[in-house]
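Trainee: Sequence:
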Amino acid sequence: MSSTLTTRQQDYAQWYNDIVLKGGLADYSAVRGCMVIKPYGYALWENMQAVLDKMFKDTGHQNAYFPLLIPKSFLSREAAHVEGFAKECAVVTHYRLKNDPNGGGVIVDPEAKLEEELIIRPTSETIIWSTYKNWVQSYRDLPLLINQWANVVRWEMRTRLFLRTTEFLWQEGHTAHATRQEAVEETRRMLDVYATFAEEYMALPVVRGVKTANERFAGAEDTYCIEALMQDGKALQAGTSHFLGQNFAKAFDVQFTDKHNNMDYVWATSWGVSTRLVGALVMAHSDDNGLILPPKLAPVQVVIVPIYKGPESHERINGKVNEIMNALKAKGIRVKYDSDDATRPGWKFAEHELRGVPVRIALGLRDIDNNQGEVARRDTKEKTVYPLDGIADAVEQLLKDIQAAMFQKALAYRTDNTTEVNSWDEFVRTLDEKPGFILAHWDGTPATEEKIKELTKATIRCIPLDNKLEDGKCILTGAPSIQRVLFARAY
Numbered sequence: 091m092s093s094t095l096t097t098r099q100q101d102y103a104q105w106y107n108d109i110v111l112k113g114g115l116a117d118y119s120a121v122r123g124c125m126v127i128k129p130y131g132y133a134l135w136e137n138m139q140a141v142l143d144k145m146f147k148d149t150g151h152q153n154a155y156f157p158l159l160i161p162k163s164f165l166s167r168e169a170a171h172v173e174g175f176a177k178e179c180a181v182v183t184h185y186r187l188k189n190d191p192n193g194g195g196v197i198v199d200p201e202a203k204l205e206e207e208l209i210i211r212p213t214s215e216t217i218i219w220s221t222y223k224n225w226v227q228s229y230r231d232l233p234l235l236i237n238q239w240a241n242v243v244r245w246e247m248r249t250r251l252f253l254r255t256t257e258f259l260w261q262e263g264h265t266a267h268a269t270r271q272e273a274v275e276e277t278r279r280m281l282d283v284y285a286t287f288a289e290e291y292m293a294l295p296v297v298r299g300v301k302t303a304n305e306r307f308a309g310a311e312d313t314y315c316i317e318a319l320m321q322d323g324k325a326l327q328a329g330t331s332h333f334l335g336q337n338f339a340k341a342f343d344v345q346f347t348d349k350h351n352n353m354d355y356v357w358a359t360s361w362g363v364s365t366r367l368v369g370a371l372v373m374a375h376s377d378d379n380g381l382i383l384p385p386k387l388a389p390v391q392v393v394i395v396p397i398y399k400g401p402e403s404h405e406r407i408n409g410k411v412n413e414i415m416n417a418l419k420a421k422g423i424r425v426k427y428d429s430d431d432a433t434r435p436g437w438k439f440a441e442h443e444l445r446g447v448p449v450r451i452a453l454g455l456r457d458i459d460n461n462q463g464e465v466a467r468r469d470t471k472e473k474t475v476y477p478l479d480g481i482a483d484a485v486e487q488l489l490k491d492i493q494a495a496m497f498q499k500a501l502a503y504r505t506d507n508t509t510e511v512n513s514w515d516e517f518v519r520t521l522d523e524k525p526g527f528i529l530a531h532w533d534g535t536p537a538t539e540e541k542i543k544e545l546t547k548a549t550i551r552c553i554p555l556d557n558k559l560e561d562g563k564c565i566l567t568g569a570p571s572i573q574r575v576l577f578a579r580a581y
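The sequence shown begins at 91 in this note's numbering and counts up by one.
There may be inaccurate statements among the hints.
Simulated DEER-style distance windows between Cβ atoms [said to hold, decoys possible]: (1) A495 <-> K558: 28 to 34 Å; (2) T249 <-> T508: 41 to 47 Å; (3) K558 <-> G422: 38 to 44 Å; (4) E290 <-> D556: 17 to 23 Å; (5) K426 <-> E544: 37 to 43 Å; (6) Q104 <-> T508: 23 to 29 Å; (7) A202 <-> N224: 28 to 34 Å.
Just so you know, the hints here were simulated from the structure itself, not pulled from any lab data. The C-beta atom is built at its ideal place from N, Cα and C for all residues, glycine as well.
Let the hints inform the model, and build the full structure from the sequences given.
Mentor: Right, here's the structure in full:
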């Protein structure tokens, strides 16, 4: 099975598509630019959802749901917001179809034109803030900490499964606060939630940072982000958290009476991650044989493959497998018994390797007689023989070891592919010869940032939050700079 994959060295983009399609994560759909998330890929997203949802609720947030359709006039109320999304919006103009009297099939009924067009949500700030106006009157109504799990539509010309599709799944948090300080603290808190999730569950090291004015979210005062490095040296924005100031509150007249009986506009945040995290997992960890999934998120953490000859051996093996499965399940481990008689063990090994199952146990009659089982780990392909009466404990520890090893491998890759440069020639050469993160000085102007992007296709991914001040000169203009920023070519 894995021999049909394109290798990363041959064609990284095709390798990625091969893994997503042949690994059973997603498929192309009949609608251009959209994808079908298959059960295995959706199970991975569900595991992400479950962890994130608990993290959100542990920080005081509640889930709600807001309409998919947004009145066009709502987007006009916040100028920067509409400017940022205008080119990506899908518009509903009619509410009815009818049969073509000329036999041409179904047509739009011209008499069913909407008085006001509706926008399929590209993001929900406008519809949510129009609602918050009815929910907030006093400081006692604040803070308002709401999240929704939803789909959005952003009309994309160039799409790639999970990474950039016209419709995608995500969560979007929208919060309202009585003070600027509270809102900024919320923005940073949720950035830390995303970073913790990426590093502790996805085994993906990330750089926490703030976006430049050119790159910040439309309508935000500040956009914070986590940036991850993929195996081809390109960056991927893995999550964003926005401090919206009072912009949307003013646009929708969301005011409250404070403790001193004065009227003021509320302070806002929004934050989100999407199904592009599934793509991040694929590109950060997988190899030329298929997926490598971190155990904490893998739909199946352990697969048991029987090796038997005849019905009698099958029955004995089944009995022992049930014992092992019960012991693993008692530890909360997600385990599958692949007892399919239609395929041979070698085919099963390759299939589960392609699908990134972290641990495989092979069990035959001889193993049972010797009270041992062969355990293979997906990330390194190492095989170890463990006593069957202690195999559940061994596998539990092995899953923890794999999770830690995957993070350390990704961290080592990022470290090896993060370069400080001090001149334009060095910057251009590094981009081409050693793709990855580049730390370089920038003069702080949007014009220079745009020029660098135009000349190299590299963008400022963020200004790292842990930056140290350091006098230097902009790599392009030579103007003074007080800190390095993070550059990369990106998805």
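Trainee: Which earlier hints turn out false for this structure, listed by number in ascending order?
Mentor: Hints 2, 5 contradicted; others consistent.
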